[in-house]
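Put chain B on the given structure of chain A with help from the hints.
Protein chains: 2
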Amino acid sequence: MKPLIATAASLLALASAPVYAEETITITPAGSQPSNKGPDQYFTGSVRVDPLFPATPPSRMSGGLVTFEPGARAAWHTHPVGQVLIVTAGVGRVQQWGGPVQEIRPGDVVRIPPGVKHWHGAAPTTAMTHVALQETVDGRNVDWLEKVSNEQYGK
Amino acid sequence: MKPLIATAASLLALASAPVYAEETITITPAGSQPSNKGPDQYFTGSVRVDPLFPATPPSRMSGGLVTFEPGARAAWHTHPVGQVLIVTAGVGRVQQWGGPVQEIRPGDVVRIPPGVKHWHGAAPTTAMTHVALQETVDGRNVDWLEKVSNEQYGK
Chain A
76 MKPLIATAAS LLALASAPVY AEETITITPA GSQPSNKGPD QYFTGSVRVD PLFPATPPSR
136 MSGGLVTFEP GARAAWHTHP VGQVLIVTAG VGRVQQWGGP VQEIRPGDVV RIPPGVKHWH
196 GAAPTTAMTH VALQETVDGR NVDWLEKVSN EQYGK
Chain B
76 MKPLIATAAS LLALASAPVY AEETITITPA GSQPSNKGPD QYFTGSVRVD PLFPATPPSR
136 MSGGLVTFEP GARAAWHTHP VGQVLIVTAG VGRVQQWGGP VQEIRPGDVV RIPPGVKHWH
196 GAAPTTAMTH VALQETVDGR NVDWLEKVSN EQYGK
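Keeping their order, the protein sequence lines are chains A and B. Residues in the first sequence are numbered from 76 upward in steps of one, following the numbering used here. Residues in the second sequence are numbered from 76 upward in steps of one, following the numbering used here.
Isolated chain A (complex conformation) (with noise of 0.2 Å):
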């Protein structure tokens, strides 16, 4: 029997540890991912979009550094799970679906509820960067919604 019983205790013990793809600290070098534009269909005038990391699982975070244009703004969306903005330079603005427009600076911490209908952006004629943090849940981190228009962002 001690062979059947050695088996399922290593059975047992495989079972309850947990298994990661990942084991080695990975670096990944400023300079090593190419900049994106912002796509047309959720944006509004020039966003450059530099990656920064990919939710690795089990780790559901991932990050982007968002530079807006002056006058450039995300369209309306929501995020399943919420958002944290840390900005990092220029004049930005943010909002909320019924809110009024606010506006942010380097070192102001935004956090958007999930579910929260929201854009964020640059002010009209300063340009703004920030780093975007968001939570993937069942593949899904953010929902977008239609754009910002002139009126709502308050050109």
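Worth double-checking, as some hints may not be accurate.
[Unchecked claim] Only pairs whose alpha carbons sit at most 20 Å apart, straight line, appear in this in silico EDC-like list of lysine to aspartate or glutamate:
1. A:230 with A:178
2. B:192 with A:98
3. A:192 with B:125
4. A:192 with A:221
5. A:112 with A:144
6. B:230 with B:178
[Said to hold, decoys possible] Derived, one-sided and incomplete: chain A residues facing chain B with beta-carbon distance under 7 Å:
7. 98
8. 100
9. 103
10. 120
11. 182
12. 183
These are calculated hints, taken from the structure and not from any lab test. Quantities reported herein were computed from a predicted structural model and do not represent experimental measurements. Idealized CB from N, CA, C, for every residue including glycine.
Relative to the frame of chain A, chain B by itself:
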């Protein structure tokens, strides 16, 4: 029967719609959260932790800005869901248990997988600042171990 059916349908709708404590975007302005000293039990040398945002369920992410003076470093530690570092200034070092000490520079993104024993800190004669992002599961986002000796640090 109609009222009862309506009630059952309402209960079902309530059960399937997630309910969140927050429903409003919050902006935490730069300068509104005091800097903290990295505690001596977890750090060697002078380390400053500037809080960015706490984990707010259902989000598991929290973030801080950590500045290591020259020669300063974290103790060996692990994270249950891993960690991502975005280097924002200076020159630093990262090492996983059994691996080489690696240099990190501004714009580099470091991913530390779950359960991997590691440390990070400044270069011996140059300070380093990084955004540190991690996820809380079962109330925990880090497990601290022993300090990094001068020999391990490579001084």
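Evaluated hints:
{"no.": "1", "hint": "A:230 with A:178", "verdict": "14 Å, holds"}
{"no.": "2", "hint": "B:192 with A:98", "verdict": "10 Å, holds"}
{"no.": "3", "hint": "A:192 with B:125", "verdict": "29 Å, violated"}
{"no.": "4", "hint": "A:192 with A:221", "verdict": "10 Å, holds"}
{"no.": "5", "hint": "A:112 with A:144", "verdict": "12 Å, holds"}
{"no.": "6", "hint": "B:230 with B:178", "verdict": "14 Å, holds"}
{"no.": "7", "hint": "98", "verdict": "6 Å, holds"}
{"no.": "8", "hint": "100", "verdict": "5 Å, holds"}
{"no.": "9", "hint": "103", "verdict": "4 Å, holds"}
{"no.": "10", "hint": "120", "verdict": "21 Å, violated"}
{"no.": "11", "hint": "182", "verdict": "3 Å, holds"}
{"no.": "12", "hint": "183", "verdict": "5 Å, holds"}
Checked against the numbered hints above, the structure violates hints 3, 10; every other hint is satisfied.
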